[in-house]
Amino acid sequence: MPSKVEQIICPSCKEVKFDEIIERCDGLKIVRCLSCGLAYLNPRPVPEEIYKLYEEGYYTGKIDKEIGYAGHSGSIHEIKYYCPYGFDILLEETKLNNKRVLDIGCSFGKFVYWMRKAGANAVGIDISEESTAWGRKKLSLDLRKETLESLDEQDSSFDVITMIDIIEHIVDLDGFMSKLSSLIKPGGLVFVQTPNFESYEKWHKQWRYLYTGLEHILFFDSTSIDKIFAKYDMFPSRETSVFCTIACDKDTYFKNRGSIKNKLRSILLRLPDCFSFVHLLLSKFFISKHVYRCDTIGKNGAIIIGCYRKKNNN
Numbered sequence: 008m009p010s011k012v013e014q015i016i017c018p019s020c021k022e023v024k025f026d027e028i029i030e031r032c033d034g035l036k037i038v039r040c041l042s043c044g045l046a047y048l049n050p051r052p053v054p055e056e057i058y059k060l061y062e063e064g065y066y067t068g069k070i071d072k073e074i075g076y077a078g079h080s081g082s083i084h085e086i087k088y089y090c091p092y093g094f095d096i097l098l099e100e101t102k103l104n105n106k107r108v109l110d111i112g113c114s115f116g117k118f119v120y121w122m123r124k125a126g127a128n129a130v131g132i133d134i135s136e137e138s139t140a141w142g143r144k145k146l147s148l149d150l151r152k153e154t155l156e157s158l159d160e161q162d163s164s165f166d167v168i169t170m171i172d173i174i175e176h177i178v179d180l181d182g183f184m185s186k187l188s189s190l191i192k193p194g195g196l197v198f199v200q201t202p203n204f205e206s207y208e209k210w211h212k213q214w215r216y217l218y219t220g221l222e223h224i225l226f227f228d229s230t231s232i233d234k235i236f237a238k239y240d241m242f243p244s245r246e247t248s249v250f251c252t253i254a255c256d257k258d259t260y261f262k263n264r265g266s267i268k269n270k271l272r273s274i275l276l277r278l279p280d281c282f283s284f285v286h287l288l289l290s291k292f293f294i295s296k297h298v299y300r301c302d303t304i305g306k307n308g309a310i311i312i313g314c315y316r317k318k319n320n321n
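Here the sequence shown is numbered in the numbering used here, starting from 8 and rising by one per residue.
Treat each hint with caution, since some may be false.
Said to hold, decoys possible - No farther apart than 30 Å at their CA atoms in a straight line, the calculated lysine-lysine pairs in the DSSO-like style are these:
hint: 1; residue 1: K234; residue 2: K24
hint: 2; residue 1: K318; residue 2: K186
hint: 3; residue 1: K106; residue 2: K124
hint: 4; residue 1: K238; residue 2: K152
hint: 5; residue 1: K234; residue 2: K106
hint: 6; residue 1: K21; residue 2: K11
hint: 7; residue 1: K106; residue 2: K59
hint: 8; residue 1: K36; residue 2: K186
hint: 9; residue 1: K21; residue 2: K36
hint: 10; residue 1: K21; residue 2: K59
hint: 11; residue 1: K24; residue 2: K238
hint: 12; residue 1: K87; residue 2: K144
hint: 13; residue 1: K87; residue 2: K106
hint: 14; residue 1: K102; residue 2: K21
hint: 15; residue 1: K192; residue 2: K21
hint: 16; residue 1: K11; residue 2: K144
hint: 17; residue 1: K152; residue 2: K102
hint: 18; residue 1: K87; residue 2: K152
hint: 19; residue 1: K102; residue 2: K124
hint: 20; residue 1: K106; residue 2: K144
hint: 21; residue 1: K124; residue 2: K59
hint: 22; residue 1: K144; residue 2: K124
hint: 23; residue 1: K87; residue 2: K145
hint: 24; residue 1: K106; residue 2: K21
hint: 25; residue 1: K59; residue 2: K11
hint: 26; residue 1: K152; residue 2: K59
hint: 27; residue 1: K192; residue 2: K234
hint: 28; residue 1: K152; residue 2: K186
hint: 29; residue 1: K21; residue 2: K186
Claimed, not checked - Simulated restraints on C-beta separations:
hint: 30; residue 1: D33; residue 2: N104; range: 20 to 30 Å
hint: 31; residue 1: N319; residue 2: E27; range: 39 to 49 Å
hint: 32; residue 1: S185; residue 2: E13; range: 34 to 44 Å
hint: 33; residue 1: E13; residue 2: E156; range: 18 to 28 Å
hint: 34; residue 1: K24; residue 2: N104; range: 19 to 29 Å
The hints are simulated quantities; they were obtained by calculation from the structure and are not laboratory data.
Even glycine gets a Cβ: it sits at the ideal position worked out from N, Cα and C.
Generate the whole structure from the sequences, applying the supplied hints.
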């Protein structure tokens, strides 16, 4: 257990009563609010302990290789040729051409890169100077070291806001959601991905997100996340629970991570930039520009993908 922890009330509805769901091996507990159904870590590390996780080691693995984005940095090829999962759903839900888009928690800029390719005027924010600087330098993206709360933009500035694996990390949920609601235009789209706690309800201790260090402090299912967005006048236009499968160009799957093809693909993605010509020649055979396909599987998929529309004033 962390040295400094705090007992909290429900981050969403402020209810004090909860049911204990599980005590983790680190001594922290996941509880469920008896009013709104949100599951959350309680006790949880104090905010300053949580924020420490997002220093340099979160992105490089220098502190702990089991958390954060260790192993996902420094590959231009991976960003350019490895489409983010869920991107197909976003494109089905809205046209991005000439839209002003904000990606919250952009990391090295993968989602921003793909949205720009789709014609969006996309900007990304992240609390890591390391990752945003990399995306600015290597990919010429508009990435800023900012939190959502500190972002200096006028109300109703964005047509689309995306946040991939972010909402489960938020310490001040009310402050975050209030700013989110103010920045999205009426009728605008908020695209969110987060681990699905309903998947835990089915898989229990085999749920892959159960032991995720200290950085995951909120746990959403389809009901609790809908309630939170509705509180801020954002309502689901689409919501699905998915497993994400990796596919190649001919719609076959890399089912076996240890296959020769996957091993070659892994090596290819890690080639230095000076071997770009090799990457381009071989990508036809080893990498798809639409790698992830999201398959709807009911309520118990590993990931919730939600599309929420801001209520129109009319």
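Okay, the hints, checked on the actual structure:
1. Between K234 and K24 the alpha-carbon distance is near 18 Å, which keeps this suggested pair within the 30 Å criterion.
2. A distance of roughly 15 Å separates the Cα atoms of K318 and K186; the hinted pair therefore holds under the 30 Å criterion.
3. With a C-alpha separation of about 12 Å, the suggested pairing of K106 with K124 holds against the 30 Å cut-off.
4. Simply put, K238 and K152 have alpha-carbon atoms about 28 Å apart, close enough for the 30 Å limit, and the pair holds.
5. Between K234 and K106 the alpha-carbon distance is near 27 Å, which keeps this suggested pair within the 30 Å criterion.
6. With a CA separation close to 22 Å, the supplied pair K21 and K11 stays within the 30 Å bound.
7. The suggested pairing of K106 with K59 is violated, with an alpha-carbon distance near 34 Å, which exceeds 30 Å.
8. For the hint pairing K36 with K186, the CA-to-CA distance comes to about 29 Å; that is within 30 Å, so the pair holds.
9. Annotation: proposed proximity of K21 to K36 holds, straight-line Cα distance about 18 Å (limit 30 Å).
10. Our distance criterion of 30 Å between C-alpha atoms is met by K21 and K59, whose separation comes to about 26 Å.
11. Using a Cα cut-off of 30 Å, the hinted pair K24 and K238 holds, with the two alpha carbons roughly 20 Å apart.
12. A C-alpha spacing of about 15 Å is found between K87 and K144, which places the hinted pair at or below 30 Å, so the restraint holds.
13. As the CA atoms of K87 and K106 are separated by approximately 21 Å, the hinted pair is consistent with the 30 Å bound.
14. For the hint pairing K102 with K21, the CA-to-CA distance comes to about 37 Å; that exceeds 30 Å, so the pair is violated.
15. Restraint check for K192 and K21: satisfied, since their Cα atoms lie roughly 27 Å apart, inside the 30 Å limit.
16. At roughly 37 Å between alpha-carbon atoms, K11 and K144 are farther apart than 30 Å, so this suggested pair is violated.
17. A distance of roughly 27 Å separates the Cα atoms of K152 and K102; the hinted pair therefore holds under the 30 Å criterion.
18. As the CA atoms of K87 and K152 are separated by approximately 22 Å, the hinted pair is consistent with the 30 Å bound.
19. Distance check on the hinted pair: K102 and K124 sit about 12 Å apart at the alpha-carbon level, within 30 Å; holds.
20. With a CA separation close to 24 Å, the supplied pair K106 and K144 stays within the 30 Å bound.
21. About 33 Å separates the Cα atoms of K124 and K59, which puts this hinted pair outside 30 Å; it is violated.
22. Annotation: proposed proximity of K144 to K124 holds, straight-line Cα distance about 18 Å (limit 30 Å).
23. Proposed proximity of K87 and K145 is supported: the alpha carbons are some 11 Å apart, at most 30 Å.
24. Between K106 and K21, the direct Cα distance comes to roughly 36 Å. Violation of the 30 Å bound is thereby established for this hinted pair.
25. The straight-line distance between the Cα atoms of K59 and K11 is roughly 12 Å, inside the 30 Å bound, and the hint therefore holds.
26. Proposed proximity of K152 and K59 is supported: the alpha carbons are some 15 Å apart, at most 30 Å.
27. Distance check on the hinted pair: K192 and K234 sit about 20 Å apart at the alpha-carbon level, within 30 Å; holds.
28. Distance check on the hinted pair: K152 and K186 sit about 17 Å apart at the alpha-carbon level, within 30 Å; holds.
29. At most 30 Å may separate the alpha-carbon atoms for a hinted pair to count; K21 and K186 meet this at roughly 19 Å.
30. For the hinted restraint 20 to 30 Å between D33 and N104, the CB-CB distance of approximately 46 Å leaves it violated.
31. The hinted window of 39 to 49 Å between N319 and E27 holds, with their beta carbons roughly 41 Å apart.
32. For the pair S185 and E13, the beta carbons lie near 22 Å from each other, so the given range of 34 to 44 Å is not met.
33. E13 and E156 have their C-beta atoms about 20 Å apart, which keeps the hinted 18 to 28 Å range intact.
34. For the pair K24 and N104, the supplied restraint of 19 to 29 Å is violated, since their beta-carbon distance comes to about 48 Å.
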